[in-house]
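**Q** Single-letter residue listing:
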Amino acid sequence: AQSVAQPEDQVNVAEGNPLTVKCTYSVSGNPYLFWYVQYPNRGLQFLLKYITGDNLVKGSYGFEAEFNKSQTSFHLKKPSALVSDSALYFCAVRDMVYKLSFGAGTTVTVRA
Amino acid sequence: DAGVTQSPTHLIKTRGQQVTLRCSPKSGHDTVSWYQQALGQGPQFIFQYYEEEERQRGNFPDRFSGHQFPNYSSELNVNALLLGDSALYLCASSGRVTGSMNTEAFFGQGTRLTVV
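If you're matching them up, the sequences are chains B and H in order. For the first sequence, the working numbering puts the final residue at 112, and the numbers step up evenly by one. For the second sequence, the working numbering puts the final residue at 116, and the numbers step up evenly by one.
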């Protein structure tokens, strides 16, 4: 069975500082990994994905993620956080027929 | 492109009632998946439809059923509603199952169901 874990319920950073949201995964084959963001009372917005190729993936809104096979991690990063980045972030892993398994989510708060 | 659209946006039902939620996928997508997101939790997979058939199912009881129409739109039906069914129900669409594995799922804004 595939799964992801987000070890931090909350991440708090100051605006302009680097932001990291952690995710580890468990799959039996090649991982298909995704990050989504959710704003209050909204659906999920796609940020970025890792399917194959470069371990550093660049996505929307200045976000990037580093795939590390040896540590089974897929951490989301942003070099300089904005107040508008405050939201709920979900890591997910997908199987071969598009079923997504999500982590519990990490609430990011960026203070001005 | 309207993206994934869901209706209604909010719904209040009484225990024991039945509810139908609707989803229109993003243009070009033929696979629709439904997720339940309880308050403070990540989305949980309910089931997936492709070519008008249920292809995968998560750990949800038979009270949860669905349908996909020839135009790829989909409905989620929940019978005998329980208080615990209160959640945000999300629809996601994606590309062909036998096609590229590189496409991501696009989500609608969800239907907030409250069971009282």
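Derived by calculation from the structure, the hints in this document are not laboratory data. Please note that the accuracy of each hint is not assured.
[Said to hold, decoys possible] Listed below are the simulated BS3-like cross-link pairs for lysine-lysine, each with C-alpha atoms no more than 27 angstroms apart in a straight line:
(1) B/Lys77 x B/Lys49
(2) B/Lys58 x H/Lys26
(3) B/Lys77 x B/Lys22
(4) B/Lys22 x B/Lys69
(5) H/Lys26 x B/Lys49
[As the list claims (entries may be wrong)] To give an idea of the chain H side of the interface with chain B (calculated C-beta under 10 angstroms), a few residues:
(6) Gln37
(7) Gln41
(8) Phe45
(9) Arg55
(10) Phe60
(11) Ala87
(12) Gly108
(13) Gly110
Heads up, the beta-carbon is just placed ideally off N, CA and C, and yes, glycines get one too.
**Q** Compare the structure with each hint and give your call.
**A** To see whether the hints hold, each was checked on the structure:
1. Note on B/Lys77 and B/Lys49: the hinted pairing holds, with a Cα-Cα distance of about 13 angstroms set against a maximum of 27 angstroms.
2. Restraint check for B/Lys58 and H/Lys26: the C-alpha separation of about 23 angstroms stays at or below 27 angstroms, so the hint holds.
3. Among the hinted pairs, B/Lys77 with B/Lys22 is consistent with the structure: their alpha-carbon atoms are about 9 angstroms apart, no more than 27 angstroms.
4. Distance restraint check for B/Lys22 and B/Lys69: the Cα-Cα separation of roughly 14 angstroms lies within the 27 angstroms cut-off, and the hinted pair is therefore satisfied.
5. Only pairs whose Cα atoms come within 27 angstroms are accepted, and H/Lys26 paired with B/Lys49 is accepted, the gap being roughly 19 angstroms.
6. Among the interface hints, the one on H/Gln37 holds; its C-beta lies about 9 angstroms from the nearest C-beta in chain B, closer than the 10 angstroms criterion.
7. The beta carbon of H/Gln41 is positioned within 10 angstroms of a beta carbon in chain B (closest approach about 6 angstroms), and the interface hint is therefore held.
8. Annotation: interface hint on H/Phe45 holds; nearest CB of chain B at approximately 5 angstroms, less than 10 angstroms.
9. Checking H/Arg55 against chain B by beta carbon gives a least distance of about 6 angstroms; that is within 10 angstroms, so the hint holds.
10. Hint status for H/Phe60: violated, given a least beta-carbon distance of 13 angstroms to chain B, over 10 angstroms.
11. Because the beta carbon of H/Ala87 sits about 13 angstroms from the nearest beta carbon in chain B, more than 10 angstroms, this interface hint is broken.
12. About 5 angstroms separates the beta-carbon of H/Gly108 from the nearest beta-carbon of chain B, less than 10 angstroms, and the hint is met.
13. The criterion of a C-beta within 10 angstroms of any C-beta in chain B is met by H/Gly110, whose closest approach is roughly 5 angstroms, and the hint holds.
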